[in-house]
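Chains as they are written, first to last, in my numbering: chain A, 370 to 820; chain B, 30 to 214; chain C, 3 to 340.
Under the rule of at most 25 Å between Cα atoms (straight-line distance), these lysine to any residue pairs were calculated in the SDA-like manner:
{"#": "1", "chain 1": "A", "residue 1": "Lys738", "chain 2": "B", "residue 2": "Thr167"}
{"#": "2", "chain 1": "B", "residue 1": "Lys149", "chain 2": "B", "residue 2": "Glu201"}
{"#": "3", "chain 1": "C", "residue 1": "Lys69", "chain 2": "C", "residue 2": "Ile13"}
{"#": "4", "chain 1": "C", "residue 1": "Lys69", "chain 2": "A", "residue 2": "Ser435"}
{"#": "5", "chain 1": "A", "residue 1": "Lys560", "chain 2": "C", "residue 2": "Asp87"}
{"#": "6", "chain 1": "A", "residue 1": "Lys801", "chain 2": "B", "residue 2": "His153"}
{"#": "7", "chain 1": "A", "residue 1": "Lys567", "chain 2": "A", "residue 2": "Ala426"}
{"#": "8", "chain 1": "C", "residue 1": "Lys69", "chain 2": "A", "residue 2": "Leu559"}
{"#": "9", "chain 1": "A", "residue 1": "Lys567", "chain 2": "B", "residue 2": "Glu105"}
{"#": "10", "chain 1": "B", "residue 1": "Lys148", "chain 2": "B", "residue 2": "Gly138"}
{"#": "11", "chain 1": "C", "residue 1": "Lys76", "chain 2": "A", "residue 2": "Gly427"}
{"#": "12", "chain 1": "A", "residue 1": "Lys799", "chain 2": "B", "residue 2": "Gly138"}
{"#": "13", "chain 1": "A", "residue 1": "Lys553", "chain 2": "B", "residue 2": "Asp84"}
{"#": "14", "chain 1": "A", "residue 1": "Lys738", "chain 2": "B", "residue 2": "Asp140"}
{"#": "15", "chain 1": "A", "residue 1": "Lys416", "chain 2": "A", "residue 2": "Lys598"}
{"#": "16", "chain 1": "C", "residue 1": "Lys76", "chain 2": "A", "residue 2": "Gly422"}
{"#": "17", "chain 1": "A", "residue 1": "Lys416", "chain 2": "A", "residue 2": "Gly592"}
{"#": "18", "chain 1": "A", "residue 1": "Lys553", "chain 2": "B", "residue 2": "Glu82"}
{"#": "19", "chain 1": "A", "residue 1": "Lys801", "chain 2": "B", "residue 2": "Lys149"}
{"#": "20", "chain 1": "A", "residue 1": "Lys553", "chain 2": "B", "residue 2": "Ile60"}
{"#": "21", "chain 1": "C", "residue 1": "Lys62", "chain 2": "A", "residue 2": "Ala426"}
{"#": "22", "chain 1": "A", "residue 1": "Lys738", "chain 2": "B", "residue 2": "Ile152"}
{"#": "23", "chain 1": "B", "residue 1": "Lys148", "chain 2": "A", "residue 2": "Leu745"}
{"#": "24", "chain 1": "A", "residue 1": "Lys553", "chain 2": "C", "residue 2": "Glu201"}
{"#": "25", "chain 1": "A", "residue 1": "Lys617", "chain 2": "B", "residue 2": "Tyr186"}
{"#": "26", "chain 1": "A", "residue 1": "Lys738", "chain 2": "B", "residue 2": "Glu147"}
{"#": "27", "chain 1": "A", "residue 1": "Lys738", "chain 2": "C", "residue 2": "Phe145"}
{"#": "28", "chain 1": "C", "residue 1": "Lys5", "chain 2": "C", "residue 2": "Asp96"}
{"#": "29", "chain 1": "C", "residue 1": "Lys69", "chain 2": "A", "residue 2": "Met432"}
{"#": "30", "chain 1": "A", "residue 1": "Lys401", "chain 2": "A", "residue 2": "Asn519"}
Rather than coming from a laboratory, the hints here were simulated on the basis of the structure.
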Amino acid sequence: MARKILFEHIDKPGIRGLEGYRAHGGYRSVEKALRTMAPEAVVEEVKKSGLRGRGGAGFPTGMKWSFLAKPEGVPRYLVVNADESEPGTFKDRYLMERIPHLLIEGMVTSSFALGANTAFIYIRGEYFHVARILEQAIGEARAAGWLGRNILGSGFDLDIHVQVGAGAYICGEETALLESLEGKRGNPRLKPPFPAVKGLYQCPTVVNNVETIAAVVPIVNDGGEEYAKVGVGRSTGTKLISAGGNIKRPGVYEIELGLPCDEFINSDEYCGGVDGRAFKAVVPGGSSVPIVPYELFLRTAKGEPRLMSYESLSDGGFVSGTMLGSGGFYAYNDAQCIVRSTWNHARFYHHESCGQCSPCREGTGWLDKVLERLELGEGRAEDIDLLWDIQRKIEGNTICPLGDAAAWPVASAIRHFRDEFEYHVTHREKVKDPRHFAREPFRRTARPQTV
Amino acid sequence: MSARTRPVTTTEGVRPFAFSATALAECRELIARYPEGRSKSALIPILHIAQAENDGWLSVNAMDAVAELLGLRRIEVYEVASFYSMFNLHPVGTYVLDVCRTTPCMLRGSDELIAHLEKKLGIHPGETTKDGMFTLKTVECLGSCGTGPMLQCGARYHEDLTVEKVDRLIDELRARNQRANYTDR
Amino acid sequence: MPKVTIDGITIEVPEGTTILQAARMIGERNKADRYVVPPAMCYYSKLETSGGYCRTCLVKVPKGSDKDPRPMPKPVPSCRTTVMDGMEVANTTDPTLIDARNGVVEMLLINHPLDCPICDQAGECHLQDLSYENGTAASRYEFERRTFEPIDIGDTIKLHMTRCILCYRCVKVAEQITDGRVHGVINRGDAAEISTYIEQAIDNDFSGNMIDVCPVGALTDRTFRFASRVWFTKPMDAHRDCETPGCDGKVVLWLKGDEVLRVTGRKDQWGEVESFICNTCRYDRKDLAAWTVEGPRNVDRHSVISQGHYHLKRTQPLLTAPAPNVPELAKRKDLKDR
Ligand SMILES: Cc1cc2nc3c(=O)[nH]c(=O)nc-3n(C[C@H](O)[C@H](O)[C@H](O)COP(=O)(O)O)c2cc1C
Ligand code: SF4
Ligand code: SF4
Ligand code: FES
Ligand code: FES
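Build the full structure now, drawing on both the sequences and the hints.
Next up, the structure:
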């Protein structure tokens with residue numbers, strides 16, 4: 370069995386309540402940090418651990434924390450990003466539902482390190498039921514003195530509040546999240562200034578993903594160096610992967626970074642192989658990362674085995690690689706139609722664009738419409754180049770990365786599965802049946818394209 | 030957005046709105062969480078409460094009451110309410126069925142599930158059955174992709190759905206006939 | 003003071019100046035250098051937090067500063083990016099940027115009705131100028147365009163949402179210049195629209211400035227509508243002693259003979275008003291006798307107004323009906339020949 374760090378005790382009875390959690394060593398990191406460490410020392414451990422943000426971008430957490438501005442007399446905030454709306458991602462929900470105190474504990478320790486006396490959990494509105502679990506856990510923690518005034522007699526105060534959203538993917542983007550937390554539309558802010566300087570209520574703020582903050586607990590307990598021993602290279606520690614799509618065993622898995630992709634997708638400890646005839650493609654890190662053919666998921670273009678790590682998954686750049694992203698993993702079997710899936714992706718981004726900037730507001734809708742036409746058997750050969758051109762004109766020209774996220778799935782699908790797009794033009798009648806490839810799985814005719 | 034929310038031109042005929050005492054107490058508790066002068070932060074949670082108190086949708090009257098409670102301009106509330114997809118700006122059925130249609134669920138059969146629901150209820154997404162019981166709504170990934178296809182009704186997730194399971198769910202809901210809200214405990 | 007070089011032209015500017023402002027300073031210093039000024043559809047120097055939305059003002063920064071000479075990885079909005087000492091900016095000299103900007107312009111136009119012949123803004127429209135200067139030959143968008151019914155928002159303002167490019171300027175005017183915003187942006191994504199949500203009149207002392215800041219014909223003056231094409235009128239600088247606090251009474255009168263057809267703020271060469279005027283000046287003093295006329299308004303040279311005719315733009319053929327699809331257009335021989 371692979372080593373579990375966050376989920377070591379997840380199956381223990383009563384782990385959801387404070388008592389059970391405490392019985393398995395819960396809140397030790399708070400005791401250690403508040404009693405024996407200076408805040409800077411906690412930041413130092415996080416730096417040493419090499420922990421990288423688990424929300425998608427993979428930015429080093431210790432570095433982010435050290436950017437936090439500390440002007441006199443201005444409050445600082447920690448905001449936990451529990452918006453989890455990236456299609457394919459459901460790891461934070463799993464963690465919060467089953468072991469909510471791990472997040473609360475991580476927040477206390479992290480807030481202490483950052484000097485924040487108020488922390489928020491911004492959770493997507495659809496997770497109301499999870500918000501209730503968190504509120505209950507917060508109540509327990511407060512009653513037991515892990516939250517509130519003068520925690521453990523250290524003089525450190527902390528309040529945690531849960532704030533629900535109301536249905537908007539864009540509120541996972543950190544500045545849109547802050548706007549939403551301030552009671553506004555979820556329009557991302559222009560950066561700079563970054564949240565570390567002007568965040569919530571224009572005060573210095575750190576925004577971190579649920580899993581990132583949870584990982585602070587073992588880092589403080591065992592030391593950053595211990596944590597850094599797990600994993601490979603600059604991908605230290607473990608990562609939660611939520612696996613779905615056409616695999617035998619969907620679910621949330623904690624993996625050591627550096628696990629071979631082949632093992633992850635095919636072994637019975639994890640995904641358990643294909644549900645259907647054969648794998649066709651994989652999206653390893655949430656819908657925003659490039660889709661890759663199954664073969665390129667197993668092996669890099671150089672022919673080396675690919676690993677589940679930040680570096681290995683992006684080996685080959687966008688030509689032959691992809692990204693670890695949020696860990697929202699889903700695999701396609703050969704009955705699935707890539708054009709249909711790409712249309713679905715494009716429709717998602719069209720629906721979720723906040724509408725602030727013109728390339729994303731107009732371009733996402735345009736992609737959606739052209740893909741719809743192709744999938745419904747009304748496309749033309751020029752449409753494929755048109756799609757390429759539209760995505761190219763969105764990417765890099767928008768306020769926030771949602772524009773890029775809308776462009777990449779389209780670009781990668783065309784790059785690797787151009788033959789399927791062409792099939793949709795040459796076999797218009799056949800593709801009018803929505804289950805066209807389920808009846809007659811698509812055979813790849815071309816090698817992966819490198820546009 | 031699947032359908033554009035058209036601006037409302039009149040509040041005539043729409044029933045007046047007032048928070049119940051318990052709801053108001055809950056709102057005040059929410060407002061107290063935020064720093065001095067930042068009560069606008071409570072807007073989204075309070076809109077959820079208002080929606081639950083107003084048969085599952087936000088009428089102009091309900092939004093105006095929220096504006097007044099928080100001391101906001103009305104347009105500030107309209108702007109926010111119309112941004113977020115969980116807020117319904119038109120009347121809905123007793124049950125709103127939020128069916129996920131995003132790619133991971135599609136890989137596991139959400140297209141077929143939606144088609145089945147359309148046929149069974151005789152409505153398209155965005156519409157409400159004639160008896161006012163069900164509103165069908167398609168939504169984006171709800172963080173349940175490993176257990177798709179799925180739908181949300183009120184605060185509850187219904188996962189790993191099959192045609193049989195969803196048929197049973199519809200029958201159960203119809204028999205219970207009690208509004209489901211996101212804020213249900 | 004930081005020094006910045008835009009398309010090879012160097013200027014020293016005060017700390018905190020944005021790239022766009024620096025480029026405008028270059029353009030003001032020497033008219034011949036005006037080509038370095040990026041187009042700006044949403045930024046408005048008199049409105050706080052404006053800019054950043056439309057993305058037409060994107061520029062490339064091949065060198066960040068003397069201290070940190072690394073190039074910026076993506077194009078940046080010049081209207082919201084502060085100049086650093088030693089920064090180098092490419093506006094017209096980078097082909098990839100020109101391509102990107104053409105892309106932005108194409109996006110802005112895909113849902114625009116191109117109903118210039120029946121639009122009051124024709125001749126003063128920044129989108130017309132923009133597509134003329136940065137547009138590609140023809141739009142490739144063949145889907146039904148977003149449409150909205152025109153509505154009156156109050157006695158004096160007409161909203162043609164169909165033409166709006168969501169620059170947020172009017173919202174910022176309402177927020178920052180008037181005392182009680184009743185309109186804003188509702189819905190999201192490409193369903194977003196300028197609206198009061200519930201039918202409501204926009205009515206306060208400075209609301210008319212929304213019309214002046216609107217870069218397109220989405221907000222127009224109902225008291226002027228169809229009275230005349232703008233290029234048949236004669237603009238005159240004029241002023242009066244205005245009692246409204248905050249209004250300096252300095253306006254442009256748009257005359258036809260002695261008749262005052264319209265009153266607006268005075269727009270500078272960047273299309274921005276010099277000061278915001280009150281509604282009394284704008285709507286209630288349409289009598290030449292109420293004004294001290296200073297002389298003809300010096301309207302910018304390249305503007306269609308001073309050319310005295312409505313010049314056919316490359317991408318915007320004159321149409322007599324609402325915008326048809328492009329393929330239909332392509333079939334029309336009369337257009338092809340132009
Ligand atoms: C469109 C968009 C959606 C995002 N959604 C999420 C999300 O749902 N959850 C999350 O943790 N981060 C999300 N992010 C990333 C956040 O902006 C931010 O990088 C992250 O919360 C930082 O935390 P980390 O450093 O711990 O990963 C999103 C980013 C973008 C651009
Ligand atoms: S890229 Fe899209 S989501 Fe991001 S700010 Fe622009 S319009 Fe909004
Ligand atoms: S109406 Fe005019 S000023 Fe207002 S957002 Fe639209 S284009 Fe801008
Ligand atoms: S795709 Fe349906 S829950 Fe994620
Ligand atoms: S003018 Fe700079 S983005 Fe619009």
